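*Asks:* Take a look at the letters that make up each chain.
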Amino acid sequence: MKLSLSRELSELQRIVEARRAYFAERGLPASLAYPVDLATEELFVNMIRHNTGTREPITLELNAVQDGVAVSLTDHDVEPFDPRLVAPVDSGAPLAQREAGGLGLHLVRSLVGAVHYEYRDRSSKLSFLARERARA
Amino acid sequence: MLDVQLVDRGIRLAGRMDAATAPGAEVHFERLSGLADVDMSALEYISSAGLGVLLKSHKRLVAGGGGLRLVRVNPHIAEILHYSGFDMLFEVVPADGRA
Numbered sequence: 001m002k003l004s005l006s007r008e009l010s011e012l013q014r015i016v017e018a019r020r021a022y023f024a025e026r027g028l029p030a031s032l033a034y035p036v037d038l039a040t041e042e043l044f045v046n047m048i049r050h051n052t053g054t055r056e057p058i059t060l061e062l063n064a065v066q067d068g069v070a071v072s073l074t075d076h077d078v079e080p081f082d083p084r085l086v087a088p089v090d091s092g093a094p095l096a097q098r099e100a101g102g103l104g105l106h107l108v109r110s111l112v113g114a115v116h117y118e119y120r121d122r123s124s125k126l127s128f129l130a131r132e133r134a135r136a
Numbered sequence: 001m002l003d004v005q006l007v008d009r010g011i012r013l014a015g016r017m018d019a020a021t022a023p024g025a026e027v028h029f030e031r032l033s034g035l036a037d038v039d040m041s042a043l044e045y046i047s048s049a050g051l052g053v054l055l056k057s058h059k060r061l062v063a064g065g066g067g068l069r070l071v072r073v074n075p076h077i078a079e080i081l082h083y084s085g086f087d088m089l090f091e092v093v094p095a096d097g098r099a
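Sequences listed follow chains A and B, in order.
First residue of the first sequence? That's 1 in full-length UniProt numbering, and the numbers climb one at a time after it.
First residue of the second sequence? That's 1 in full-length UniProt numbering, and the numbers climb one at a time after it.
Quick caveat, the hints were computed from the structure, so don't treat them as lab data.
Remember, it's a predicted structure, so these values are computed and weren't measured experimentally.
All residues carry an ideal CB built from backbone N, CA and C; glycine is no exception.
Have a look at the derived ranges for each label pair, beta carbon to beta carbon:
| no. | chain 1 | residue 1 | chain 2 | residue 2 | range |
| --- | --- | --- | --- | --- | --- |
| 1 | A | Gln66 | B | Arg31 | 44 to 54 Å |
| 2 | B | Asp96 | A | Arg120 | 42 to 52 Å |
| 3 | A | Asp82 | B | Asn74 | 26 to 36 Å |
| 4 | A | Asp82 | B | Gln5 | 36 to 46 Å |
| 5 | A | Arg14 | B | Asn74 | 17 to 27 Å |
| 6 | B | Asp87 | A | Val86 | 19 to 29 Å |
| 7 | B | Leu6 | A | Gly101 | 18 to 28 Å |
| 8 | B | Pro94 | A | Gly92 | 18 to 28 Å |
| 9 | B | His82 | A | Ala100 | 14 to 24 Å |
| 10 | A | Ala87 | B | Gly24 | 26 to 36 Å |
| 11 | B | Gly66 | A | Gln66 | 49 to 59 Å |
| 12 | A | Ala64 | B | Ser41 | 23 to 33 Å |
| 13 | B | Arg31 | A | Gly92 | 25 to 35 Å |
| 14 | A | Pro29 | B | Ser41 | 19 to 29 Å |
Whenever a hint applies, use it, and build me the whole structure from the sequences.
*Replies:* Put into structure tokens, the structure is as follows:
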């Protein structure tokens, strides 16, 4: 499944609808829906907010693989930005030290494990594999 | 789609609280005072954007001696609260009623 996304938060609804249709078509396990939705949202929103120098659409691809779903998001005509290099949030910090924001990539890693980053021909590509056994 | 209702003891969330819908919920959380319950029984999904709204509201209420209590939390949402460390910051009551 391949989707071209405008750089708008309203696209999140279209992402979920397309994901639901793809999961139904391919008979993918419902247990993978939440991790795929969350990781896709967090990475998509990250691209919109950090790669502000382009108006190109973002390409989302979902591919059923033997033991899960491979997901990639590609942002075109952008400078390199690897979100994996952002300092991790301390999820054990007390309330007074917690701030809204910064949790996205932490949750992505918790739910789907490693995120891969590739920069080529002015395109940034983030990808992950959602699998049952990848979850904590 | 996210539905937000102010109820007797706090607020009730239903649907998906993501980066598109969470900002619209914030105005409802700003109306809460003291100790307030957030009924999450019909909340299907929450991302970091929704967690940010909860955290901001909780910090405001705690500063005044109150706070948010997250109640009727289903297992999917409880997992997210655990990974984010929110289960250490909030009182969380699962959907089956056990503390």
